[in-house]
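Trainee: These are the residues of each chain, in order.
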Amino acid sequence: MSENGKPKFAMYWAASCGGCEIAVLNIHEKILDFDANFEVAFWPVAMDAKYKDVEALEDGEILLTLFNGGIRNDENEHIAKLLRQKSQIMVAFGSCANEGCIPGLANLSPIESLFETVYNTVSTENEEGIRPQSSYEMPEGTIHIPEMYPVLRTLDQVIDVDYYMPGCPPESHQVAAVVDLVISVVKGEAVLPPKGTVIGAGNSTVCDECERTRNVKKIKKFVRIQDIERFDPEICLLEQGLICNGPATLSGCMAKCPTSGAPCVGCYGPGPRVLDYGARMVAALASVIDSRDPVEIEAILDGIVDPAGTFYKFNLAHSLLKTGKASWNGN
Amino acid sequence: MNKKRIGVYVCHCGTNIAGVVDVENVAKWALEELGEEGVVVSKDNKFMCSSVGQELIQTDIEEQGLNRVVVAACSPHLHEKTFRTASERAGLNPYLCEMASIREQVSWVHTDKAIATQKAKAMVAGAVRRVAQHEPLEPIHVPINEATLVVGGGIAGIQAALEIANAGHPVYLVEREPSIGGHMAQFDKTFPTLDCAACILTPRMSEVGMHPKIDLMTWSEVENVDGYVGNFNVRIRKKSRFINLADCNGCGICEQKCPVKIVDKNFEAGIGYRKAIYRPFDQAIPNYPVLDQPNCTYFIKGTCKACEKFCPTGAINFEKEDELVNVEVGNIILATGYDLYDTKKIPQYGFGRLPNVFSSLEFERMCNAAGPTSGEIVLRDGVTKPKSVGIVHCAGSRDLNHNNYCSSICCMQSLKFAHLVHERTGATIYNFYIDMRTPGKDYDEFYQRVLEEKTFFIRGKVSEISDAARNEEEEGKLVVQVEDTLLGEQRRIPLDMVILSAALVPKADSGDVAKQFGISCSSNGWFSEKHPKLDPISTMTEGIFIAGCATGPKDIPASVSQGSAAAARVISYIETGVLALEPIRATVSEENCSGCRICNDLCPYNAIVFHDETMVSEINHALCQGCGTCVAACPAGAISGTGFSNEQILAQVKGLLMLDFAEPELEKVP
Ligand SMILES: Cc1cc2nc3c(=O)[nH]c(=O)nc-3n(C[C@H](O)[C@H](O)[C@H](O)COP(=O)(O)OP(=O)(O)OC[C@H]3O[C@@H](n4cnc5c(N)ncnc54)[C@H](O)[C@@H]3O)c2cc1C
Ligand code: SF4
Ligand code: SF4
Ligand code: SF4
Chain A
1 MSENGKPKFA MYWAASCGGC EIAVLNIHEK ILDFDANFEV AFWPVAMDAK
51 YKDVEALEDG EILLTLFNGG IRNDENEHIA KLLRQKSQIM VAFGSCANEG
101 CIPGLANLSP IESLFETVYN TVSTENEEGI RPQSSYEMPE GTIHIPEMYP
151 VLRTLDQVID VDYYMPGCPP ESHQVAAVVD LVISVVKGEA VLPPKGTVIG
201 AGNSTVCDEC ERTRNVKKIK KFVRIQDIER FDPEICLLEQ GLICNGPATL
251 SGCMAKCPTS GAPCVGCYGP GPRVLDYGAR MVAALASVID SRDPVEIEAI
301 LDGIVDPAGT FYKFNLAHSL LKTGKASWNG N
Chain B
1 MNKKRIGVYV CHCGTNIAGV VDVENVAKWA LEELGEEGVV VSKDNKFMCS
51 SVGQELIQTD IEEQGLNRVV VAACSPHLHE KTFRTASERA GLNPYLCEMA
101 SIREQVSWVH TDKAIATQKA KAMVAGAVRR VAQHEPLEPI HVPINEATLV
151 VGGGIAGIQA ALEIANAGHP VYLVEREPSI GGHMAQFDKT FPTLDCAACI
201 LTPRMSEVGM HPKIDLMTWS EVENVDGYVG NFNVRIRKKS RFINLADCNG
251 CGICEQKCPV KIVDKNFEAG IGYRKAIYRP FDQAIPNYPV LDQPNCTYFI
301 KGTCKACEKF CPTGAINFEK EDELVNVEVG NIILATGYDL YDTKKIPQYG
351 FGRLPNVFSS LEFERMCNAA GPTSGEIVLR DGVTKPKSVG IVHCAGSRDL
401 NHNNYCSSIC CMQSLKFAHL VHERTGATIY NFYIDMRTPG KDYDEFYQRV
451 LEEKTFFIRG KVSEISDAAR NEEEEGKLVV QVEDTLLGEQ RRIPLDMVIL
501 SAALVPKADS GDVAKQFGIS CSSNGWFSEK HPKLDPISTM TEGIFIAGCA
551 TGPKDIPASV SQGSAAAARV ISYIETGVLA LEPIRATVSE ENCSGCRICN
601 DLCPYNAIVF HDETMVSEIN HALCQGCGTC VAACPAGAIS GTGFSNEQIL
651 AQVKGLLMLD FAEPELEKVP
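Protein sequence lines correspond, in order, to chains A and B. Positions 1 to 331 (this note's numbering) are the ones given, in order, by the first sequence. Positions 1 to 670 (this note's numbering) are the ones given, in order, by the second sequence.
By construction, these hints were calculated from the structure, which means they are not laboratory data. Among the hints, a few may not be true.
Pair ranges (Cβ atoms, derived) [what the hints assert, rightly or not]:
id : chain 1 : residue 1 : chain 2 : residue 2 : range
1  : A       : V191      : B       : K113      : 55 to 63 Å
2  : B       : K113      : A       : D290      : 45 to 53 Å
3  : B       : S520      : A       : L275      : 25 to 33 Å
Simulated crosslink set (EDC-like; lysine to aspartate or glutamate; CA at most 20 Å straight-line) [said to hold, decoys possible]:
id : chain 1 : residue 1 : chain 2 : residue 2
4  : A       : K50       : A       : E75
5  : A       : K220      : B       : D601
6  : A       : K218      : B       : D601
7  : B       : K515      : A       : D293
Virtual Cβ for every residue (Gly too), placed ideally from N, Cα, C.
All chains should be built: construct the whole structure from the sequences, respecting the hints.
Mentor: See the structure below:
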């Protein structure tokens with residue numbers, strides 16, 4: 001507790017895009033409730049703070065930490081461990097912290113080839129072939145920048161996590177509901193769910209919240225949205241051949257994408273009890289391909305242009321695969 | 001749950017396992033290394049399935065307080081039941097006993113002893129970790145409806161129906177054609193005893209027709225099947241015969257008076273005629289005619305009604321419609337028989353192009369005293385007696401271009417034909433065979449008899465039958481080109497008549513019928529049995545049995561035996577009254593199901609229903625056979641399979657790999 005009696009709050013941004021931070025601010029006037037009930041101990045995006053301020057806190061002094069981003073370098077890891085030590089409740093907030101998200105897709109490539117892409121492509125002017133060094137001698141002394149790890153890991157692969165809040169980013173109404181819950185808990189009006197619970201989401205998959213009408217599924221052809229002129233506004237997108245990840249993706253987003261005509265990309269991650277989201281989706285689609293002819297089946301499958309990017313877009317780092325073999329061995 | 005106390009039993013299976021796997025070492029290792037996993041007893045034994053072996057388990061359960069058992073032995077297909085029952089006798093829930101197949105999956109497939117022993121350990125570790133996750137399960141009990149549906153009224157279906165009905169239980173016998181009898185009704189004589197087919201078949205047919213316990217529905221088809229073992233609902237379409245059955249006395253006057261004459265492609269195999277209102281043959285059961293609507297002048301032109309005018313009882317009814325009946329049955333026997341291979345698909349044999357090339361069924365009809373030629377063996381012109389006849393075995397069988405299997409009856413059927421030709425025409429006879437297969441009772445004796453009748457046997461596959469003469473002798477004849485493999489030379493044999501002993505093939509609609517009843521077919525299209533040796537008349541779907549040629553080519557005695565066997569199984573189910581089903585079933589968690597409908601069409605047993613109101617899928621536990629298809633397909637992970645939970649499977653995998661899913665050590669980029 002701080003001097004004003006308010007419990008302390010922290011939020012941190014590791015390997016991620018920053019959208020999660022915006023999602024929190026996007027709860028509008030609820031942010032005032034939040035301010036009324038919490039004191040911000042550490043939230044680099046919102047206010048200036050130094051790591052040493054956190055280090056100076058007592059263990060467990062922070063009540064709630066929302067941690068977004070995956071663990072890609074030693075700085076990410078250090079802060080994750082530090083915040084874990086200082087916090088009572090650690091929430092993996094958003095897809096990157098939960099399952100690696102888009103940064104996790106880099107696990108398919110060895111680090112050297114990532115650097116090659118970033119520092120040595122045609123669009124980059126880098127004639128001397130400069131690469132980042134983790135330490136550098138300057139006349140003023142040695143300076144350090146964080147060291148990149150061979151693969152990205154999710155928060156719970158590095159520290160003990162209390163709750164998981166999925167989404168890329170988590171929907172604001174879900175953030176607001178979670179904030180409400182924590183405030184009620186602080187006031188003693190509610191109790192926390194059991195450790196390990198996925199919060200801010202439903203317990204089925206996106207189809208459950210999707211308004212589109214659906215039939216028994218039989219797929220003769222996979223198409224991409226740019227390949228078709230018009231699709232039926234009422235009928236399930238998957239039945240129209242668009243790869244909608246709705247069947248495998250945890251509900252809670254109110255099926256915003258499929259309802260507005262864009263196939264679900266899977267940002268809320270796997271449903272309850274599912275170990276490997278991509279494998280689930282692959283098994284499901286394979287089951288409803290409407291052909292018994294191996295040649296035709298091959299042709300239908302050719303319609304899936306980028307399987308890893310389609311089925312593991314958000315969850316590769318947390319899947320049973322975790323990484324590509326090359327990045328695992330190549331470092 | 002109290003602490004796991006697991007007993008491990010490693011079987012030698014004589015030398016079957018012990019010859020390759022160091023069995024003692026595996027047992028010792030399990031006690032030492034898997035102690036932490038709960039293993040408190042580990043033993044090896046020469047034959048675990050013997051009573052000594054089973055008692056070993058029982059004693060340890062009782063004296064050592066085991067609450068889990070792992071038997072590392074043969075495949076669970078063989079002895080799972082044995083060991084589960086043994087555990088149950090000692091008071092342990094049978095589903096807390098698990099097998100590791102170290103014979104089929106280890107000793108029989110490896111030669112390197114060290115590696116095999118290592119793998120056996122991994123299999124044991126997998127089974128131990130899995131069984132630790134098992135929960136006690138109770139079988140599902142379902143009541144059995146006393147009635148049985150038999151589909152197909154050939155000799156196999158007739159036999160099954162009679163056996164069940166004679167035991168006092170009701171039977172619905174559904175036959176697609178106007179009469180029961182199947183293929184056997186088309187034959188003249190039957191090998192090897194040369195009994196007259198009609199003489200032995202028709203008494204059975206009339207017994208069916210008159211049996212108080214048999215509800216015979218001919219000219220009928222099963223339209224829909226719902227439900228599960230013990231409780232099937234079946235919808236049957238009784239196609240209209242355009243006859244009021246109650247009025248018809250079977251006099252046959254309508255048939256005589258009908259002016260339309262058409263080639264009978266079914267019963268007469270295309271060499272005889274029938275009327276537009278007809279009974280396929282005189283002894284047809286039932287004896288009522290059928291009006292063939294597409295060929296009836298009245299239905300085509302609006303006038304005629306000759307049959308109606310002459311029918312003495314006024315039984316003809318042009319308005320009569322199909323009837324749908326629903327029946328409830330506990331068990332179903334499928335005895336839908338076979339089709340004859342269409343020998344037009346072997347163009348080099350000339351059937352359909354060369355008039356005097358006949359199919360086997362055409363020849364059967366020709367020999368039949370009640371057939372189109374009154375039993376005279378003549379050429380296609382209907383008068384000329386052949387002076388030389390060739391009989392080609394394996395026409396479409398044992399040939400990768402046609403059917404890769406042996407049709408099993410053709411050799412005997414060809415010998416029967418040779419005998420009939422000899423007896424009735426005195427013609428010179430050539431039998432062209434690849435191998436002579438006469439393995440049944442009195443079969444080879446019959447072969448010797450035909451040999452003595454001076455039939456020429458040429459061992460070789462006929463390559464061509466043509467009418468292109470190369471010399472005077474061949475002029476006007478069919479020339480059979482064949483490599484005589486015993487003489488080692490090519491031969492051309494000019495003949496008057498050639499009979500093709502065509503292959504037996506699955507019914508054209510066997511795949512659809514299999515799907516309708518929720519069973520599967522082999523790659524060739526025959527219905528698949530539950531076990532090819534030990535359970536040839538059951539299917540993987542409880543309550544559905546198969547008999548006769550529907551399961552593969554066979555002769556009449558074998559078809560009849562299967563009919564009886566299927567009936568015996570059904571009767572034993574009926575007598576039990578209640579059936580205990582394996583509790584290995586899939587379940588949808590209503591809360592987790594999103595109603596995506598991915599699973600809806602996947603179940604091979606049609607066990608999944610979708611509720612429109614609640615938008616969730618549900619699995620009927622009596623129908624589900626626990627195959628796991630839907631479990632794997634559900635993208636939401638909303639379906640779980642009893643006995644195959646994530647925890648159980650992963651525990652087993654971890655055991656098999658002898659590892660835990662440890663997170664990799666964090667490494668920095670150098
Ligand atoms: C030319 C020839 C000669 C033979 N000679 C002999 C011999 O001498 N001795 C011997 O032992 N064996 C002989 N056989 C073998 C014999 O024909 C079979 O063993 C026997 O007929 C098999 O009987 P079944 O009841 O299984 O099938 P089938 O006789 O084919 O009967 C099946 C019945 O089911 C009906 N049916 C099919 N599908 C459906 C459906 N979906 N719904 C309702 N009804 C349906 C059919 O109409 C038919 O009536 C011969 C075979 C051939 C081809
Ligand atoms: S559109 Fe997507 S989310 Fe909607 S029902 Fe179809 S698969 Fe499910
Ligand atoms: S596949 Fe799973 S989520 Fe979809 S309808 Fe079936 S049970 Fe429900
Ligand atoms: S496990 Fe699923 S697919 Fe298999 S039988 Fe049961 S309900 Fe059908």
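Trainee: Now, for every hint given, state plainly whether the structure supports it.
Mentor: Here's how the hints hold up against the structure:
For V191/A and K113/B, the Cβ-Cβ distance of about 59 Å falls inside the hinted range of 55 to 63 Å, so the restraint holds. At about 49 Å, the beta-carbon gap between K113/B and D290/A stays in the expected band of 45 to 53 Å. At roughly 30 Å, the beta carbons of S520/B and L275/A sit within the given window of 25 to 33 Å. Our distance criterion of 20 Å between C-alpha atoms is met by K50/A and E75/A, whose separation comes to about 13 Å.
Restraint check for K220/A and D601/B: satisfied, since their Cα atoms lie roughly 15 Å apart, inside the 20 Å limit. Distance hint between K218/A and D601/B is fulfilled; the C-alpha atoms sit about 9 Å from each other, no more than 20 Å. In summary, the hint linking K515/B to D293/A is supported, as the alpha carbons are separated by about 18 Å, within the 20 Å threshold.
Consistency with the previously given hints is maintained throughout, with no hint failing.
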